[in-house]
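Enquirer: Here are the chains, one letter per residue:
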Amino acid sequence: MGEGAVKRAAFPYLLLSPAFLFVVTLAFFPIAYSFWLSLHRIVFVLPHLGESFIGLENFARLLQDTRAWQALKFTLLFVGTTTLSELFLGLLLALALHQPIFGRGLIRAIILIPWAIPTVVSSQMWRFLFNDQYGFLNLLFFGNHPELYRAFLAEPISAMVAVMAVDIWKTTPFCALILLAGLQTIPQELYEAAKVDGAGRWRQFVHITLPMLRPTIVLALLFRTLDAFRVFDSIYVMTQGGPADATLVLQFYGYKKMFAEGLLGYGAAISVVIFLFSLVVSIFYLRLIFLKK
Amino acid sequence: MSPTKKKTFFSCLIIGVVFLYLIPYMWFGLASFKSQRTLTAIPPVIYTHQLTLHSYHVAFQQKDLLLYLKNSAIVAILATLGSIALGVLAAYPLARLKIRGKNLFLLLFLTVSMFPQMALVGPIWRIMRTLGWLNTYQGLIFPYITLTLPLAVWILVRFFEQLPQEIEEAALVDGCTPLKALWKVILPLAAPGVFTAAILIFIYAWNEFFFALLIMTYPARHTLPVGIALFPGEYTMPWGEIAAASVVATIPLICLVLFCERYIISGLTAGAVKG
Amino acid sequence: MTRKAGILTLTIFLFTVTLVPVKAQTTLTFVTWKPSEPQLWDEIIARFESHYPDIKIRREIGPHSSTQFHDLLTQKLKNRDPEIDIFFMDVVWPAEFASAGWALSLDSFFSQEERQKFLSGAIAPNTYKGHIYGLPLFIDVGLLYYRRDLLEKYGFSVPRTWQELVSQAEFILKQEKDHQLTLKGYSGQFKQYEGLVCNMLEFIKSHGGAILLLNDGRALDAVRFVRDEIIGKIAPRGVLYYEEPESLALFIQGNAIFHRNWPYAWREFSDPTKSRIAGKVGIAPLPHFPGERSASTLGGWQLGISKFSRHPQGAWKFIDFVGSPEIQKLIALKIGKAPTRKELYQVPEILTQNPQFKVKQAFFGADPRPITPVYSLISHVLQSYFSQVISDPKSDIRTLADRATEEMRYYLSWEREQ
Numbered sequence: 001m002g003e004g005a006v007k008r009a010a011f012p013y014l015l016l017s018p019a020f021l022f023v024v025t026l027a028f029f030p031i032a033y034s035f036w037l038s039l040h041r042i043v044f045v046l047p048h049l050g051e052s053f054i055g056l057e058n059f060a061r062l063l064q065d066t067r068a069w070q071a072l073k074f075t076l077l078f079v080g081t082t083t084l085s086e087l088f089l090g091l092l093l094a095l096a097l098h099q100p101i102f103g104r105g106l107i108r109a110i111i112l113i114p115w116a117i118p119t120v121v122s123s124q125m126w127r128f129l130f131n132d133q134y135g136f137l138n139l140l141f142f143g144n145h146p147e148l149y150r151a152f153l154a155e156p157i158s159a160m161v162a163v164m165a166v167d168i169w170k171t172t173p174f175c176a177l178i179l180l181a182g183l184q185t186i187p188q189e190l191y192e193a194a195k196v197d198g199a200g201r202w203r204q205f206v207h208i209t210l211p212m213l214r215p216t217i218v219l220a221l222l223f224r225t226l227d228a229f230r231v232f233d234s235i236y237v238m239t240q241g242g243p244a245d246a247t248l249v250l251q252f253y254g255y256k257k258m259f260a261e262g263l264l265g266y267g268a269a270i271s272v273v274i275f276l277f278s279l280v281v282s283i284f285y286l287r288l289i290f291l292k293k
Numbered sequence: 001m002s003p004t005k006k007k008t009f010f011s012c013l014i015i016g017v018v019f020l021y022l023i024p025y026m027w028f029g030l031a032s033f034k035s036q037r038t039l040t041a042i043p044p045v046i047y048t049h050q051l052t053l054h055s056y057h058v059a060f061q062q063k064d065l066l067l068y069l070k071n072s073a074i075v076a077i078l079a080t081l082g083s084i085a086l087g088v089l090a091a092y093p094l095a096r097l098k099i100r101g102k103n104l105f106l107l108l109f110l111t112v113s114m115f116p117q118m119a120l121v122g123p124i125w126r127i128m129r130t131l132g133w134l135n136t137y138q139g140l141i142f143p144y145i146t147l148t149l150p151l152a153v154w155i156l157v158r159f160f161e162q163l164p165q166e167i168e169e170a171a172l173v174d175g176c177t178p179l180k181a182l183w184k185v186i187l188p189l190a191a192p193g194v195f196t197a198a199i200l201i202f203i204y205a206w207n208e209f210f211f212a213l214l215i216m217t218y219p220a221r222h223t224l225p226v227g228i229a230l231f232p233g234e235y236t237m238p239w240g241e242i243a244a245a246s247v248v249a250t251i252p253l254i255c256l257v258l259f260c261e262r263y264i265i266s267g268l269t270a271g272a273v274k275g
Numbered sequence: 001m002t003r004k005a006g007i008l009t010l011t012i013f014l015f016t017v018t019l020v021p022v023k024a025q026t027t028l029t030f031v032t033w034k035p036s037e038p039q040l041w042d043e044i045i046a047r048f049e050s051h052y053p054d055i056k057i058r059r060e061i062g063p064h065s066s067t068q069f070h071d072l073l074t075q076k077l078k079n080r081d082p083e084i085d086i087f088f089m090d091v092v093w094p095a096e097f098a099s100a101g102w103a104l105s106l107d108s109f110f111s112q113e114e115r116q117k118f119l120s121g122a123i124a125p126n127t128y129k130g131h132i133y134g135l136p137l138f139i140d141v142g143l144l145y146y147r148r149d150l151l152e153k154y155g156f157s158v159p160r161t162w163q164e165l166v167s168q169a170e171f172i173l174k175q176e177k178d179h180q181l182t183l184k185g186y187s188g189q190f191k192q193y194e195g196l197v198c199n200m201l202e203f204i205k206s207h208g209g210a211i212l213l214l215n216d217g218r219a220l221d222a223v224r225f226v227r228d229e230i231i232g233k234i235a236p237r238g239v240l241y242y243e244e245p246e247s248l249a250l251f252i253q254g255n256a257i258f259h260r261n262w263p264y265a266w267r268e269f270s271d272p273t274k275s276r277i278a279g280k281v282g283i284a285p286l287p288h289f290p291g292e293r294s295a296s297t298l299g300g301w302q303l304g305i306s307k308f309s310r311h312p313q314g315a316w317k318f319i320d321f322v323g324s325p326e327i328q329k330l331i332a333l334k335i336g337k338a339p340t341r342k343e344l345y346q347v348p349e350i351l352t353q354n355p356q357f358k359v360k361q362a363f364f365g366a367d368p369r370p371i372t373p374v375y376s377l378i379s380h381v382l383q384s385y386f387s388q389v390i391s392d393p394k395s396d397i398r399t400l401a402d403r404a405t406e407e408m409r410y411y412l413s414w415e416r417e418q
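Chains as they are written, first to last, in our numbering: chain A, 1 to 293; chain B, 1 to 275; chain C, 1 to 418.
Just so you know, these hints were derived from the structure itself, not from any lab. Even glycine gets a Cβ: it sits at the ideal position worked out from N, Cα and C. Some clues are possibly wrong.
[As the list claims (entries may be wrong)] From the structure, some residues in chain A lie toward chain C, with a derived Cβ separation under 7 Å: (1) Q133; (2) G143; (3) P146; (4) Q240.
[Said to hold, decoys possible] Computed footprint of chain A on chain C; a stretch qualifies when at least three of its residues, placed anywhere within it, have a C-beta under 8 Å from a C-beta of chain A: (5) 45-54; (6) 238-248; (7) 288-301; (8) 374-380; (9) 383-393.
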């Protein structure tokens, strides 16, 4: 009798264990290793300097690193702007696709195209489109007057806007898809009951849709934010952080330090900083669901 | 507005929005049919009679596009299956069974997504090398599973949580083991969540570049993003070929999503529970 | 009796056969990029393998992008992967690879006598602390391409100084305004990437300055000139995000008068299926500032051997073979890459096909970027500095230069640290 109960109590943990095992070996160990590395001074190209333990010195230097601050500022701007835009536009798109219209399936497939093309490829595509001489966007805005064409990626401000716009274009379908799945699970009866009560579409939306959708919204918001903090591919291909470091984001800066310059400890410190920001933001979001529950 | 008018209005609106949304992609698709000279014409040329299939020819013949598609498909499909399987197994107890520290587990899974992939590449590469898994499919599949598990688990937990207790109890009363109840009852009802997660994971694996660059270095094993990164020459950028490759690369994805379509909608049978 | 003898003979025979050393086949792994002309490399490897039947070459392919290739290659070397034997190095990597302990010293293979046959400018970046770590296979140098037809139309000869170039461009632009509104004066690579350092090095060196002394008057003036006269006047703002393909596209569509690029560009211009200006292009060394000499940044790729390779002798055989005059000539003829052996610059066949190789002073006198293991750190500082200065017409060059010079000095001091 006791044995059966033990088996039943252990069963959930048993189911959980494969996933947990994966995560521990292939994620936690590397993460812990990164934390450890961030406390050392490592210069790959000068091995004679050794790999000395320097405590929090990397972080102290980061605090004084103007380029890191610039990267942080743009990363925060990037995260805020893209996440909110994608959520908003994604919600609109999801609502539209929730309607039983003809060809809904095909349209749902088609809107995934921007997101389905590998980022490194679509970033090249956008470089092509943003070109100041033969770019499509210039054709769209200014027609056949090349003398009016603008060099979007050459000016710091327009480059920042361009990079964010591209991310929004590409990732809105991600939010839309998650929100759409969430919409599907709201029982129709609630709407019918509300209609009987005389509630209009707007009231239905505010009092039924939004509240029922809240956990899904927070889910989409959460993962989009975490991904936005780690944005890399599009910067890597489109601007390499330029012009004049205007589009430098934290992970790209960390990449330059870690891979190109071989400063493993410093790069790891940057990763830890990204992690800490993500942690703070996640806890903020999670409180949003758990508090209201 | 009458219901039918509303329907047509929305239909037109959506089709319009979708069209606008896809214009950049359509332009790029058109580029795949243009010659090198017309591609960089100033001002840009929308239509030209000199359409050519040359770019496609080069992409397939010289640049092994089919091979990259094959590799990406294998890696992405297996990673998706693996991640969903493990995700379901993990989400089920977290959502519906008694687990101590449920929130802690969820947070732990989430931390994987908080850490920049850049920092994980080094140690993971070393682990794969020790296992002898560099340039093998599993060498890429296992890291992808790990990186997508947080999203899978969180989405599935969310969808599992919503299902009412009664169905499960009904199934158990009927004599099902918990696992069978999971397979036969819970999963079908949580289908929208499962298939949504599957699509998201697939596209992540399809898109991923950096791990693939470092782990798959044999020409026979390159995945699509790496393969297309091989198109440019030292100083040349073959827009036409890259465009052709992008067009071809999206076709399997559209098929996949169309396939998953039915299962996402089937969630509407949630109404059946109330009865 | 005969049976016993038979068994004995057989045993002796088998014994001797197994004792005779069978030549084991070695497989060498060659990390390279995807060639734009696959047949060429297939042929080179086939020739090598027929020459040395006991060695097979297996290729691992990476992207052409220097940064991506660097990531891929160093990932293996950092982890002391014994699987790789031969690899390509960009011209700025040998010092880094030597210092990090990734590249094998080639002193014992690559004799001084043999080195003399190569361009001295190409050998220099491959040496570190007196030892040699790479064999240069081909080089790139900065060249000036110009629209011969436009210069002839207005009776101009090839500009010798930058000031001349600017005034010629301004004049032609004004005159051509009615026929060609989209004509621009100058097309170069000024995006925040390695190519920016190459372009700016040419301006600074041709003003008698040094790239590590950014706050010296000559370097400051050169940078100011680029910001105000080139970017500010005759080049489109777009050059601030151009890499080679975009800058070439501007010129090849007939929309630029002057163009700075590497030797590869000549083939692109001369191809009528791609170019609108075939037959109208002239080649010249890059201009300089008055009283100084023309400067041309050195680029190119070298072959190195991994320190962890198990077959260094075999690896050297491959490198030596590929770097031989015959193969370098083949490469020059098939894909137009400039050879590193001095003698090949006299071969008429090569020169007719690649007239840009005739700009001897560029190929023989190219200027390398700083040769130091911490080059990537230096380069990032330079890229940041240049991009900041030239993209903002009101930038405070002096302060930024001071800061950048200080930062580079700091990184360079690490080399001397104990």
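Enquirer: Restraint: G143/A near chain C, CB-CB cut 7 Å. Satisfied or not?
Expert: violated (14 Å)
Enquirer: Closer than 8 Å Cβ to Cβ for three or more residues is the test here. Does the region 288-301 of chain C pass it with chain A?
Expert: Per the Cβ count (0), the hint is violated.
Enquirer: For the hint on Q133/A, does the least C-beta distance to chain C fall short of 7 Å?
Expert: holds (6 Å)
Enquirer: Against chain C, is Q240/A within 7 Å by beta-carbon distance?
Expert: Holds, about 5 Å.
Enquirer: Given a cut of 7 Å on the nearest C-beta pair, is the interface hint for P146/A held or broken against chain C?
Expert: Holds. Min distance 4 Å.
Enquirer: Residue count check for the region 383-393 of chain C against chain A: does it reach three with CB-CB under 8 Å?
Expert: holds (count 6)
Enquirer: At least three residues with a C-beta closer than 8 Å to a C-beta of chain A: is that true for the region 374-380 of chain C?
Expert: Check passed, 4 qualifying residues.
Enquirer: Taking beta carbons only, do three or more residues of the region 45-54 of chain C come closer than 8 Å to chain A?
Expert: violated (count 0)
Enquirer: According to a criterion of three or more residues whose C-beta lies within less than 8 Å of a C-beta of chain A, is the region 238-248 of chain C covered?
Expert: Coverage by chain A holds here, the residue count being 5 at a Cβ distance below 8 Å.
In summary, the structure is inconsistent with hints 2, 5, 7 from the numbered list given earlier, while agreeing with the others.
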